[in-house]
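Required output: the full structure, derived from the provided sequences and hints.
So the sequences go chain by chain: F and G. Note that the working numbering has the first sequence beginning at 1, numbered continuously upward. Note that the working numbering has the second sequence beginning at 1001, numbered continuously upward.
Read the hints as simulated data drawn from the structure, not as lab findings. Just to be clear, a hint being listed does not mean it is correct.
Said to hold, decoys possible - Some, not all, of what chain G presents toward chain F, calculated at C-beta under 8 Å: (1) 1007; (2) 1024; (3) 1025; (4) 1031; (5) 1104; (6) 1177; (7) 1181.
Claimed, not checked - Capping the alpha-carbon separation at 25 Å, the derived lysine-lysine pairs in DSS-like fashion look like this: (8) F:5 - G:1207; (9) F:152 - F:51; (10) F:134 - G:1043; (11) F:122 - G:1043; (12) G:1043 - F:123; (13) F:5 - G:1208.
As the list claims (entries may be wrong) - Chain G residues, not near chain F, derived (Cβ > 10 Å throughout): (14) 1056; (15) 1062; (16) 1067; (17) 1081; (18) 1215.
Just so you know, these numbers come straight off a predicted model, no measurement behind them. Glycine included, each C-beta is placed from N, C-alpha and C at the ideal position.
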Amino acid sequence: MYLKKVYRHNKFLFLFCILFVAGQLFINYKRGLVFSPFFHYGMFSEVIRVKNQYTVSEVSVNGKLLAAKDYSPAVWDDIMQPVELFYHQQMSSNQWQVDIHRLLPFADSLKFVNSLSESDFKKWYRLHLQPVLKQPVDSVQIAFTDYYFNGKSLTKANK
Amino acid sequence: MLYKWFNGLFLYQLEPSFFYTRQDLFTWFFMQAGMHQWLLNNKPGWILFDALFYSMPLIYFLSLKYLKKASLAIVLCMITVNWCYVQCYTLYPSNSIEGHIAWLVFPVVFLGNSDKTFSLLFEGLRYFFIFFFASAGVWKLVQGGAFSPAEMSGILLYQHNQLLTNSPGYWQSGLFLWLIQRPPLAYLLYLSAALLELSFIVGFFTKKFDRQLFLLFLLFLVMDYFIMRITYLEVSPLLLTLLMKPGRENTIKHG
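Written out as C-alpha cells, the structure is:
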C-alpha cells in the first residue's frame, strides 16, 4: 500500500500526505468555500436546467457584433471574460461584507475592492481589444440581451 | 507555453486592470499582501512575472545539470513563483484556478532529496490526479447532475448561448442545437463523460489500466474542446503520472 511505503521511507512525508488527503476530504465534505490547493472538481455536476430565458453578453466593435465562431475558444474567453467578470462583480460587491469580513475580521477591505469605474473599464477594454482582434477599435458597445428558448432555438426577446 | 502565447494568454497580453475575488480562504489571505493590486496596469510587473513563471522549469533543469547544490533552493523558488503567479493570474479575467492545479502541485515532486522520495511523491501525484478526475464523476452523482435527464441540454444552452446567438449557421452551433433538441441523446453524452470520470476509480486499486486511463483522459480533453469549448491543456502534465510503468516507480532516476 502506498501510504505504508511512504511511512516506512519518511515519517514527515507520511504526515504531509495525510494532511493533504485530510485537507482535500475536509473541503469536499464542507462544500462551499475552498482553500487552495484544495478545490471541488465538479465540472458541471450540479443540476443545470433548461431555462426559458437567457441573458446573453454581446460585444459590438465598430458597429459589428463579434461572433464566437471567428475566434478560438481561448481568444473568445479573452474577449468576453472581462465583460462578464467586471459587470458580475459590480452586481455582487457585497462579498466583502458578507463572507470575508466574517472570516477575516482583521483583513484590510481595500485589498478586496476594485477602484476601476465603468467608464475607465470601457476605456481599458477598447484598448485591450485592439491586439486581441488585431484591428483598430474605434467604438465598443456592450449589451446584455434577453433571449427566449422556445424548445428549438434562442430568439431575441424583443423580436 | 506556445499555445498560451498564440492565444494571448500571457499576463502581459491579458493586461489586467481589475480583479475578481473568488471564494477561496487561502486567496483571501494571499490578497492581504496586495500583489494582485500591484500588478494592475503594471506592464513591467506583467513581463517580470511572465519571465519568472515560464523560465523556472528551464532554470531548474539547468541547475540539475550544472549546479546541483542549488537545485533545492530553485525548486522552492519555483513553487513560490508558481503559487504567486497562479493566484494573481486567476484573479484576473483569464481562467479558473482549478485548471491550473498542475502548476501548483507538480513542482512538489522535485522537493525530494533522493530518488526514492521523488518516486514516492510522483506516485502520490498519480493518486492526486486519479482523485481529481474520479471526484468529478462522484460530484455528478452527489449533486444530481447524473440523474437529471435534461442536464446536458441545460449545460449546452448555459455554456454556448453566446455562440448560438451570435454565430447561427456555424457547424458547432448546428451541432449544439441538434443535441439540445434531443435531450436523451445529449444526456447520454453527459452520462458517458460521468462514467469515464468514474472509471478512474480503478486507478486507486491497480496500475494495470493506466495506459487505458491515459487514453480516456486524452479523449476527454478532445471532447471537452469540441463539445464544451473548454481547453483543459494545463492539466495535461499530470497525465505523465499515468505513464509510469507498474513496478518501475522505485527505479525512477531523479534528475
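Item to check | Hint check, failures only | outcome: none
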